[in-house]
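Asks: Assemble the whole structure, with the sequences as input and the hints as a guide.
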Amino acid sequence: MFFPPLYLILDAGLLVSELALVWRRRASRAPSTRLDRGSHLLLWAVIVGSITAGHLAGLSNLGPRLLPGLPWRWFGAGLFAAGTALRWWAIVHLGRFFSVDVAIARDHQVVDTGLYRVVRHPSYTGLLLQCAGLGVVLGTALSLFVIIVPTFLVLFHRIRVEERALLANLGNAYAAYTRRTKRLLPGVF
Numbered sequence: 014m015f016f017p018p019l020y021l022i023l024d025a026g027l028l029v030s031e032l033a034l035v036w037r038r039r040a041s042r043a044p045s046t047r048l049d050r051g052s053h054l055l056l057w058a059v060i061v062g063s064i065t066a067g068h069l070a071g072l073s074n075l076g077p078r079l080l081p082g083l084p085w086r087w088f089g090a091g092l093f094a095a096g097t098a099l100r101w102w103a104i105v106h107l108g109r110f111f112s113v114d115v116a117i118a119r120d121h122q123v124v125d126t127g128l129y130r131v132v133r134h135p136s137y138t139g140l141l142l143q144c145a146g147l148g149v150v151l152g153t154a155l156s157l158f159v160i161i162v163p164t165f166l167v168l169f170h171r172i173r174v175e176e177r178a179l180l181a182n183l184g185n186a187y188a189a190y191t192r193r194t195k196r197l198l199p200g201v202f
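Take any residue in the sequence shown, count from 1 to its spot, add 13: that is its number in our numbering.
Everything labelled a hint here was simulated from the structure, so no lab data went into it.
On a predicted model such as this, the values are computed, not experimentally measured, just so you know.
Don't take each hint at face value.
[Said to hold, decoys possible] Estimated spans, in silico, between C-beta atoms of each pair:
1) GLY91 <-> GLY200: 15 to 25 angstroms
2) GLY51 <-> PRO84: 38 to 48 angstroms
3) TRP57 <-> HIS106: 21 to 31 angstroms
4) VAL131 <-> ALA188: 15 to 25 angstroms
5) VAL201 <-> ASP125: 39 to 49 angstroms
6) HIS106 <-> ALA181: 20 to 30 angstroms
Even glycine gets a Cβ: it sits at the ideal position worked out from N, Cα and C.
Replies: Laid out in structure tokens, this is it:
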């Protein structure tokens, strides 16, 4: 059975978290070169669309059910919480080099410490965990699929935009970093 209050709490948490990022970290507030190419708007559109589709699939019980019961829902909430913590830890660690737009600061440099020593885009790994948690809480395989797959695809596009900008502006330092670390999962991808 679907547990609306838990899902609504997670949904609101994701919305508030992402709006806080937009409010605090627009590249236009600091001197930088914006190289976003519309990827931030596309990311938002796809995430909103996929979460809406996930709602519909979960509320309509479309597709096979994931494991039933409240413990499974709490597992999803735990995934969401872990994703939120990972995402914010990565963003705080980047400090002034983080922006919601793809942008290069005048004194930009490669950050390869902390989580960034293990993967190049830990905040996106966190976002994928958040989305997986939401899909699990909704309770159907289809809800999980329609949230995760489009989000992964748009994040992959966004990563390519970011990495082109970083390679073009940081050169050999970023190229060396890409050879040492994977994008989202340590040692895998």
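Asks: Which numbered conditions among the earlier hints are violated in the structure presented, ordered from lowest to highest?
Replies: Hint 5 alone not satisfied by this model.
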